[in-house]
Structure formats: C-alpha cells, structure tokens
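Student: Sequence:
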Amino acid sequence: MSDPHANSFDVLILGGGSGGYAAAFRAAQLGLSVALVEKDKLGGTCLHRGCIPTKALLHAGEVADAAREAEQFGVQATFSGVDMKAVNAYKDGVVTKLYKGLQGLAKARKVQLIEGEGRLVAADAVEVGGTRYTAKNIVLATGSYSKTLPGLVVDGERVITSEHALGLDHVPASAVVLGGGVIGCEFASAWKSFGVDVTIVEALPRLLAVEDEASSKALERAFRKRGIAFKVGKPFEGVERTDSGVKVSIQGGDTIEAELLLVAVGRGPTTANLGYEEQGVKMERGFVLTDERLRTSVPNVYAVGDIVPGVQLAHRGFQQGIFVAEEIAGLHPQVIDEAGIPRVTYSEPEVASVGLNESKARELHGDKIETVQYDLTGNGKSQILKTAGFVKLVRVQDGPVVGVHMVGSRVSELIGEAQLIYNWEAFPGDVAPLVHMHPTQNEALGEAHLALAGKPLHVH
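Anchor point for the sequence shown: position 169 equals 169 in the UniProt record's numbering, and the numbering is continuous, going up by one each time.
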C-alpha cells in the first residue's frame, strides 16, 4: 500500500529562490518535514539571473579598468579588449559552483524538492503537475520578474532586460539604459568598464533616487568623470528599431541612438495565475500583503521575499525565510526592521546605506537631526586605492545614529559594521572609542563617529 502521508508535510514552500530555500533549510534544521516546489533551478533569480552573475560581470569590469589604469600605479600593462564569451564562462562557473553547493545542502537537510510549477489550490494544499501536496503551513515565495513599461515590447534582441543582458555574447558598441535605479546603474557601470558608450535615462530627478541625496550627487559626479552619460527628470516616450539598433525618444524631444536598449525599470511580483487570490490571500498591485510576522490573510499561509511589499533584496528574502521557519516552529523570532536591511549598489563607485536618509529622518524627527560627512580624501587606504567618496552619518540629537550612507570603491565591505551601528541603536559616543584598523577604509566609519561625537581627528 502507498503511504497516505507521502505527499503531506509540516511546511510546503512555493518557490526555491533566496526566501524559499532559506525557509526550507531553517525549517528542516528545526525538525520539520519540508517540501520545496521550484519550476526552474534552486537558487532562483539571485543565483542564476541576478545578484551573483551581475557581480561577476562588475568584477570583470573592475579588472578591465585596473588594466587600463595600471600606469598610474607604476605598473606596465596592456589592455587589448574584453572577450565576452570568456567573461561568461567565468561568470557561469561561479554560478555553477554555488548551485552545486546549494543542491548538496538541500539533500543534506532532507528537503524534498518537487520540480514543476506549483499552484495554491486550498489553504493547506498546492498542486504540481496534477499531483496534490498538503501541508500544515504554506510559504509563498515565488519571487519577481523584470518589468517593462506599458507599450514597450521587449524583444530580447535590441530591447532587452537584465536577464538578456547577462547572456550577451559580445560587447555592444553602445546602449541606452532605461532606469537609473540599482539595476540600471550597475549595468551602466559594468558596460562602461567593458568599453560601451552608455546613456542612462531616468524619469526621476536623480540617479538612485531612493538613496540619500548626497549619495546620488556623488554617484552622478563619478559617472560624469567616467564618461557615463545620464539624463534625469526625462521620462521615456518611445523607441524605434533602426538598421543599426534603436532610437529612443525622451521627454523634451531628445532622441538617443544606440545598439541596445536595456529596460531596467524595476521588478514586479510573480503572483499571477498561481491561485493566491482565489484562496483568499489579500493582494495589492500583485504583491501579497502580510503583517509584521509575514502572515497573509489566510491562516497558516505566509509570504516572503520579492512578493512582499518592500525592498527587493536577496538578503531580505534570506532573513524573512529564516524568520517564517522559526515562527512556524514556535520560536517567536524578533520582527525584522526593514530600515535595518543594508542596501548596496555595486557600481563604480559603490553606494551603500542602512537606516534612514537625511530627508526621511527630518520628516520623522524634524530639526532634531544632526549629520556629519567624512570625506575619503582623509582616509589613507582610499587614497591608496585612488577612490573618492564619503561616509555620512545621520543621528537624532542626543540620540542614536539612524542612518549611515557611504560612497566609494569597496564601501560595500563596510556595510556590516554600519548595520550593527544602526540595528543596535548605537550613539556616536559608543562607536568613537572602538579602535579601527589602520590603514583601512573601515577607519572612515570610525572617523565619522569621532567627528559626530565632537572629537574629530583627520577632519578639517
């Protein structure tokens, strides 16, 4: 006789991306029986079509820039070009290695992988390829897709998304990047390093509009210096195919011709036709609405990752997945503070932040806000690297630091300490006595806190 419980689990997760597999692994660690439904590959967008491959491209661009600029460090080197097929082999090798590791972890933790597209058919059931699976708890983690604009058709050849861009087998001569957010700025940066003539078109008044205004302005200055063109406050109006590529029209009558148009206008939630609304899950503009404990409107159905309104970041998905697994197991985990999730744009220079920007802080606290901006010209390691930028702190008067904002090469590696400062509600005087290694860029965080505590060192 067949086992009547073979298709029944404590936890069933719909989607094997960052949030989904994190929930699966943590739930399995806690002794729960777990099934994970995934129609593509374990790891989802982040591993296969997002975070990891784009950062590999950016690193290849960094190497190309290092070869071009070697002479300023007294090193004789020759840059003869970029072999895109070899770059892709390097990128794909990184992804493959991580994917194999992930598959090994799933097997070791005895997570049952169910291949196919799942659909929620009851509050406690998912159907995959005609087979019904039931669970005491269901986690929705179906991720996101690259959006486009109404009437803008993506053909995958001349008008492309980031997924297509990651598979290009040649370096385009020129490109228009539609969207000056994280994805747009990262591709513009990588492509410029590869020798592409790049123009960013952004409807909002500045690049990286969600970041602190000082960070946006610093990135814009750096991009101008690098020769990356951008037009802000200029909404897209249309695109025509030409013999050599595309002609893009923007507000004001300007047109830009290029080989490619990269559409980087954000990501939408993958929730359509999956049965969510039919089963009573409350939605808004395609997103799944949850409370602070990531519970949906249906009992014992949770949601994590990009389908939940908020910043669409893999590490947010990881943490939400772990949180939900612990919530299901009865551990009552601490609620995640969305403002305490670190954010990085891996362009050159990098832009990193955690907490509130100055504008938001003033909106919440009025005139009781103090800021300090420590310029990296006073930081020895940054001068060795020949990078410009700053560390900016935002604090409440006589209170904790509520925002950390950084611009410069490699500042993503400083965000770990910055998020501790924010999430532990540290005062400038708590951080100032901590001894920061010299010479490191990390010292810049220490110097900024010294200045905000009223005892600046390498600051005029």
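Simulated from the structure, these hints should not be mistaken for lab results.
One should not assume that every hint holds.
Okay, derived cross-link-like pairs now, DMTMM-like style, lysine to aspartate or glutamate, Cα gap no bigger than 20 Å in a straight line [what the hints assert, rightly or not]: (1) 147 <-> 284; (2) 381 <-> 71; (3) 381 <-> 10; (4) 386 <-> 69; (5) 110 <-> 254.
For each label pair, taking beta carbons as the anchor points, the in silico distance ranges come out as [what the hints assert, rightly or not]: (6) 66 <-> 416: 33 to 43 Å; (7) 272 <-> 210: 50 to 60 Å; (8) 213 <-> 423: 32 to 42 Å; (9) 241 <-> 169: 47 to 57 Å.
Quick reminder that beta carbons are idealized off the backbone N, C-alpha and C, glycines included.
Student: Taking the hints in turn, state whether each one holds.
Tutor: Here's how the hints hold up against the structure:
1. 147 <-> 284: holds, 16 Å
2. 381 <-> 71: holds, 19 Å
3. 381 <-> 10: Violated: residue 381 and residue 10 sit about 51 Å apart, past 20 Å.
4. 386 <-> 69: Holds: residue 386 and residue 69 sit about 11 Å apart, inside 20 Å.
5. 110 <-> 254: Cα-Cα ~57 Å, so violated.
6. 66 <-> 416: 33 to 43 Å: violated, 25 Å
7. 272 <-> 210: 50 to 60 Å: violated, 26 Å
8. 213 <-> 423: 32 to 42 Å: Violated - the Cβ-Cβ distance for residue 213 and residue 423, about 24 Å, lies outside 32 to 42 Å.
9. 241 <-> 169: 47 to 57 Å: violated, 20 Å
Comparing the model with each earlier hint shows violations of hints 3, 5, 6, 7, 8, 9; every other hint is respected.
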